[in-house]
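K.L.:
Heads up: the protein sequence lines correspond to chains G and A, in order. Note that my numbering has the first sequence beginning at 28, numbered continuously upward. Note that my numbering has the second sequence beginning at 327, numbered continuously upward.
There could be a bad hint or two in this list.
What the hints assert, rightly or not - Here are the simulated DSS-like cross-link-like pairs (lysine-lysine), alpha carbons at most 25 Å apart as the crow flies:
id, chain 1, residue 1, chain 2, residue 2
1, A, Lys364, G, Lys34
2, A, Lys394, A, Lys331
3, G, Lys34, A, Lys363
Don't read these hints as lab results, they were simulated from the structure.
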Amino acid sequence: SAVISQKPSRDICQRGTSLTIQCQVDSQVTMMFWYRQQPGQSLTLIATANQGSEATYESGFVIDKFPISRPNLTFSTLTVSNMSPEDSSIYLCSSGGDGGAFFGQGTRLTVV
Amino acid sequence: DQQVKQNSPSLSVQEGRISILNCDYTNSMFDYFLWYKKYPAEGPTFLISISSIKDKNEDGRFTVFLNKSAKHLSLHIVPSQPGDSAVYFCAASPGGTSYGKLTFGQGTILTVHP
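Just chain A, with the same shape it has in the complex (with noise of 0.2 Å):
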């Protein structure tokens, strides 16, 4: 039972165009979503999270949206630059005490060509 998903497994966009990444869950108890960015060699990065009773969350170049009626979420990057290519996975947290315990999505490669 995947309940967190990406469905498009990759995402192509030129630089200085929006790269927006997508993500849809089941489970309603989630009460946090986060967005990661990861290279190969390396653990994830946190880039943003959302709290279950906004529907946005901007840094920087990074917006996330939550429609919690359609349990779905996505994150804008604006302008997109080459160093944005990587593997971009959402994930969602119980939070409280379990903050941390995570379920992630499949994760999508976003390359951002110059």
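Chain G extracted, bound-state conformation (with noise of 0.2 Å):
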């Protein structure tokens, strides 16, 4: 199974700015994925990152709100932009393959 590292755990950030969140796999994959847990609410989605091409958002989901990277096989970053209370939620990256899909710890945004 795959080893996913997120950070940072939680931040509190102010509305209007943004945060970068890192995911490090212990292991190349093709392909890695955001989801978001609102307060209460399933896991849902974001965006599929492929290295060396442009990520693939859900929808409801754009690009200029959730910027992501993938540099290389085994890392990738989830922006939140001009972020507002409502974007107050867990971040979690994952990676699929044989045997299961595995992520990260999380990370616990608050906008105040």
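Since each chain sits alone in its own frame, please combine them into the complex, following the hints.
P.N.:
Here it is, written out as structure tokens:
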């Protein structure tokens, strides 16, 4: 199973600012995925990050708000831009492969 | 449109007994189904998965059953332990290169009483 490390683990940010979340996988993976879990809700896929190409966003999520980088096969970043209190959520990255799909520990973001 | 549904928000079970968590889906294109356990301050922990071509998969205390005609799956935990108390999510995947592109259910809070 892949080991996925995220940082920061939590942050409190002012509205209008941006936060970049980093995700590191301990092995090379083709695809990485970014999810959001809003308070009391389930996990929702934000986008799929492929190395060497633009990320693919799900309905309701746009690149201007959630720009993603994927510079190599073990690393990705998600930026939450121009934050509002509604962006307060847990953000998680994951990678999938034979046997399962594995998640980082998440970044708990609070926007004040 | 909720493609993956967990209709029971919570389940309470006595230690040593069986826990049965249920999940329904609507999209016939899903190829794999996965179960996760999640604590509040952590990311989801992968428990077990099943391919759509199988009807059962077992790993230790965890067994997943898939009824493809009914579009229903269930996770059985036997015997249940207090440490199993957590939120359980089922998730569905299209498989292939998009294996990790998951659609999650709403989760079921499992409480196992000593």
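K.L.:
For a C-alpha distance cap of 25 Å, please report whether G/Lys34 and A/Lys363 respect it.
P.N.:
It holds: about 21 Å lies between the C-alpha atoms, which stays within 25 Å.
K.L.:
Checking one constraint from the list: CA of A/Lys394 to CA of A/Lys331, max 25 Å. Satisfied?
P.N.:
Measuring from Cα to Cα gives roughly 15 Å; hence the hint holds.
K.L.:
Could you grab the alpha-carbon distance between A/Lys364 and G/Lys34 and see if it respects the 25 Å cut-off?
P.N.:
holds (19 Å)
Checked against the numbered hints above, the structure breaks none of them.
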